[in-house]
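**Student:** Each chain, written out:
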Amino acid sequence: MKTYNRILFLLFVFIIMPAVFMMALLWAPPAEFLGEASRILYFHVPVACLSVISFIAAGYHSIMILISENNIEEREYKSYNAAYTGIIFTILTVVTGSIWAKISWGSYWNWDPRETSIVILMLIYISYFSLYSALKDNVNRTRISSVYLLIAMITMPFFVFIIPRIYPSLHPDTIINAEKKVHLDAAMRLTLFASVVVFTIFYGYVFNLMNRISSLELKLQEKQNDN
Amino acid sequence: MNSRILKNIKKDFLIEFRNRSAVNISFAFAGITTLSVSLVAGGTPFPPVVHAIIFWIILFFSAMSGLAHIFIREEEEKNSLFLSLYYTPEEIYISKLIFNVVLFLSISVIVTFLYLFFLQVLPSYKFLFFLTVVSGSIAIASVTTILGAMVSKAGSGSSLFTVISFPVLLPVLWTAISLTSVSIDGSGVQEYRNIIFLLAFSGVIVSVSYLSFKFIWTEF
Amino acid sequence: MTIEVTAAILIIWFGIAIFLYRLDRKVKKIEEQLGEK
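Protein chains in written order, with the numbering used here: chain A, 1 to 227; chain B, 228 to 447; chain C, 448 to 484.
Since the hints were made in silico from the structure, they are not lab data. The C-beta atom is built at its ideal place from N, Cα and C for all residues, glycine as well. Careful, some of the hints might be misleading.
Stated by the list, open to error - Some chain C residues judged to face chain A by a derived CB distance under 10 Å, without partners named:
hint: 1; residue: Ala-464
hint: 2; residue: Ile-465
hint: 3; residue: Leu-470
hint: 4; residue: Asp-471
hint: 5; residue: Ile-477
Stated by the list, open to error - Below, a sample of chain A positions facing chain B; criterion: calculated Cβ distance under 10 Å:
hint: 6; residue: Asn-140
hint: 7; residue: Arg-141
hint: 8; residue: Tyr-148
hint: 9; residue: Ile-151
Can you build the whole structure from these sequences, using the hints too?
**Tutor:** Listed below in C-alpha cells is the structure:
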C-alpha cells in the first residue's frame, strides 16, 4: 500500500469511527422500552457479526491450507490470527450481551439458548488454541489444527443460526429473521448500518496489521535460521 | 475396499478382545459411577432432569476414558505407519469409525441397563429414550473418532482429548439431556426432531472427517 | 449520563487509536528495513 493511501486509510479509520460512535451515542433516538440503554445495540450487533465473519475467515484459510500446497505459512498465520480476533470479538459479544441482559431483564446471565450457544462456540475456539499449543513440536501442527478449525467452522452455523431458532429465546429479533425486515426506526437503522460498516473496516485493519506482524516474525525467524 | 475395511475392523476387534483395555476402563468407570450414585442416593427420587444429567455425564466420561485408546494404542505400538502403508486413509477412518460406534453403542447399552436397574428409573416414552441413547452414542462416537485421531498425533495424553472434545460435544449433550428428561418423566411434547438434529450432527461430522482424515493421518 | 459515557468511550477509543497508530509506524519501519536487506 502506498504511503499516502495508507495515511488516508488510517485517518479514515481514526476519525470516522469516533464520529460513528458519537452518532450512535448522541444522535440516534433512544428506543421505546429501554431508553438510552438501547444504544448498546450499536456495539453488540457489530461485534457479534464480526465474530461470525472472522470464524468464517479462519475456516476459509484452513480449507485453503488443506487444499493447496503453496502459501502455507502465510495461510497458517492468517487462520491463527482470524481465530484469535474471532475469540476476542466473541468475548466482547458475550460481555456486551450480558450488560444488555442486565439492563433489560435484570440478571447478567440467563442460560438463554442464544447465550449458551455463543459460550459453546467460544469454548470450541479456546480448545483450538489449546490444541495449537499442545502440538507445538509436531511437524503436522498446521494441518491438524486446520482440520480442527474446519470442524469448528462447520458446527458454527448450528450454533449461531439454527439452535436459537429452534428453542424459544429471550433474545430480541435479529436482523436475519422470518419476515426479512429490520424492525427498527429509520435513524436507528442508519446508525446500526454505519456501525457495522465501521467495525468491519476496523476489523479489516486490525487483521491486516496482525498479519503484517506475523509475516515479519516469520521473516525474522528465517533470517535467524539462515545466520 | 469393503473387504479391506472389514478386515481392519476384525483386526481391531480381535486386538480389543485380547487386550480389553478400552472396554474394561469404560465399563469400570460406568459401573463405579452408577453404583456410587445409587448407593448414596438410597431410594430418594430424583427429578427426571437430574437422572438425565447424571446418565449423560456417565456416558460422556466413559467415552472420554475409553474411546481415545483406539488411536493412542496405534501410536504407542507404532503401528500407525504400517497402517498407512497398507490401507488408504479413508479406509482407516471408516474402520476406526465403525469400531468406535460399535464399541460405544455396546458400552452405552450396558450403561443404560446398569443405570435403569440400579436407580430404578423406567422411562415413560421408551421408544424416544431408546432412540436418544442410540443417536447420542453415535454422535459421541463420531466426534471422538476424529478428535482422538488429532490428539493421538499430539501425544500429550488424554487430558487434551477431554478438553478438546468437551465443547464440540456440548450441543450433543444438551440435546440428549433434554430429550432424555422428557422421555423419562413423560411430560412435554415428544420432539423427534431433536433426534434428527443428533443424527444430522453425526452426519455432518462424519462427512467432514471423512474428507479431511487424510490430512491428519499421513505425515509428510 | 450519556455525555459521560460518550466521553469515556471516546477517550478509550483515542487511546486504542494512538496505540494502533504507533504500532503501525513501527511495523512499517521494520518492513522497510527488511525490505532493503
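**Student:** Please verify that hint: A:Ile-151, Cβ, nearest Cβ of chain B, below 10 Å or not.
**Tutor:** holds (6 Å)
**Student:** Once the shortest beta carbon distance from A:Arg-141 to chain B is found, is it less than 10 Å?
**Tutor:** holds (9 Å)
**Student:** Let me know if the C-beta of C:Asp-471 comes in closer than 10 Å to any C-beta of chain A, holds or violated.
**Tutor:** Hint holds; C:Asp-471 Cβ to chain A Cβ min 6 Å, cut 10 Å.
**Student:** Closer than 10 Å between Cβ atoms is the bar; does C:Ala-464 clear it against chain A? Give me holds or violated.
**Tutor:** holds (5 Å)
**Student:** Please check whether C:Ile-477 passes as an interface residue: C-beta within 10 Å of a C-beta belonging to chain A.
**Tutor:** holds (6 Å)
**Student:** Return the status of the interface hint for A:Asn-140: holds when the least beta-carbon distance to chain B is below 10 Å, violated otherwise.
**Tutor:** Hint on A:Asn-140: holds, closest Cβ of chain B at ~6 Å, below 10 Å.
**Student:** Quick check on C:Leu-470 please, does its C-beta sit within 10 Å of some C-beta on chain A?
**Tutor:** holds (7 Å)
**Student:** Against chain B, is A:Tyr-148 within 10 Å by beta-carbon distance?
**Tutor:** With a closest approach of 6 Å, the A:Tyr-148 hint holds.
**Student:** Holds or violated: the hint that C:Ile-465 contacts chain A, with Cβ atoms closer than 10 Å.
**Tutor:** holds (9 Å)
Violated hints for the displayed structure: none, as all numbered hints are satisfied.
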